[in-house]
Amino acid sequence: GDRFAVLHSALSAGERYDEWRRLRSGEASVCVGPRSAVFAPVRDLGLIVIDEEHDASYKQEGDPTYDARAVARKRAADRGAVLVAGTATPRPETWLELPRLELPRRVDGLRMPPVRLVDMRDADPRSGPIHPDTWEALEGVRRAGAKAIVMINRRGFSPWLTCRSCGHHWSCPNCDVSLIVHRHSGRLVCHHCAHVEPAPRACPECASTTLSRAGAGTERIEALLSERLAPMPVFRLDSDTAARRGAHARILARFGEAPSGVLVGTQMVAKGHDFPEVTLSTILDADATLRFPDFRAEERTFAMVAQLAGRSGRGEAGGGVIVQTLAPQASSIEHAARHDSAGFLAGELGRRHLLRYPPFSHLVRIGLSAEQEARVETAAATVAKELLEVLPEGSDLLGPAPMFRVRNRHRRRILIKASDRDGTVTAVREVVERRAADRSLREVSIGVDVDPQ
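Heads up: the sequence shown begins at -6 in our numbering, then just goes up one per residue.
Do not rely on the hints blindly, as some may be mistaken.
Listed below are the simulated DSSO-like cross-link pairs for lysine-lysine, each with C-alpha atoms no more than 30 Å apart in a straight line [to be verified]:
1. K410 to K67
2. K378 to K67
3. K410 to K378
4. K52 to K67
5. K264 to K67
Simulated DEER-style distance windows between Cβ atoms [to be verified]:
6. A394 to G343: 21 to 29 Å
7. A137 to S412: 36 to 44 Å
8. A70 to H185: 56 to 64 Å
9. L94 to L4: 44 to 52 Å
10. A246 to P286: 33 to 41 Å
11. P286 to S412: 36 to 44 Å
12. A246 to D415: 15 to 23 Å
13. D267 to G19: 31 to 39 Å
14. L94 to T203: 42 to 50 Å
15. E54 to L94: 28 to 36 Å
16. E198 to A137: 44 to 52 Å
17. R247 to A70: 52 to 60 Å
Don't read these hints as lab results, they were simulated from the structure. We put the CB at the ideal spot given by N, CA and C, even for glycine.
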């Protein structure tokens, strides 16, 4: 109604101004929107609700860097407003710091779907990325005229291309990463710098036409499902298919309106969708996120599996979940399979306390980059040396650590664990501003992220 205003990036400048004006004047008293809506000029602010509070997209990585959850907490405190952070998979920081109201039952009293772990270490490599047991379950969905969701958190057809004759590997000329095969467009694409080149017919090194596309992404899974489950329709949702304005909503609407079908995609398919006809949710390569060198890897894996499991069995027919993994014993996957958030968080908080990671410390990350590796190496060593002289007592400095090259820029990273957040920020600002004014380092870019996600 007239009391509601909506703010998001798809609005034109005029539409955004109109909504902003309505909120500022008090004509509208409720604002709904994504991350940036936290700055909306709502009059007499009394309540802020952060839905899916665990979602990493609440952190703005580009300038200006901010975390909408922290901004919401500050605004609520300043205005005496109530802050409600809602999620089925709380972050360890939120679990520890905020009072909890637990809602253990699903809407309409429906039971959470049973989760089956499929150990891919026992699978025949020739069976491909989808286990025979998963195929059997998907074919059961087709026979029943129901719906399924299949998630693989990797875009494209294949994550790398190699020559089977000489071993040549196609990599990005600007970044130290493999080029991703996109079969629909016939291109090789870098997902970091957007470099594009035509998919080759032969190897440029030995002229062999025996090229191997290894691994799987959403395009390949879509092709496999379309071939095996025909005539049941398959819908793909990832940042490639949802790139055009309104495409995301159109794909979900088509899936919702279809009498039966499969929705395949990246983690976009696990974000709060409500399709009562979905009786099977499947995640392929569930442990992929555990391979990232990130202390939040377990947390993100747990949230991803648990959120996808929540998409199944939301109707009277019930449902089930299949999790394909090479690490069925991982804490995050075991607890997600039991729908046990409290058990996972207890173990994760214990691990973080032992290793001094948030919420038991504050992190400051400093990223340096330059086209010449020697320059960034020197700058990073200088910054680290000066930081060690001024950081508050009890701070730990990790690095400088090398990062893979992106957009022809060599990178180094410094991470600081600190108990004294304000003192650490002051020390970092002092050192970075001094180095930024150093003409000998003018080709080096330095960025600082406080409380990185």
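message = I'd like to know which numbered hints this structure contradicts. Please list them from smallest to largest.
response = 2, 7, 8, 9, 11, 12, 14 and 17
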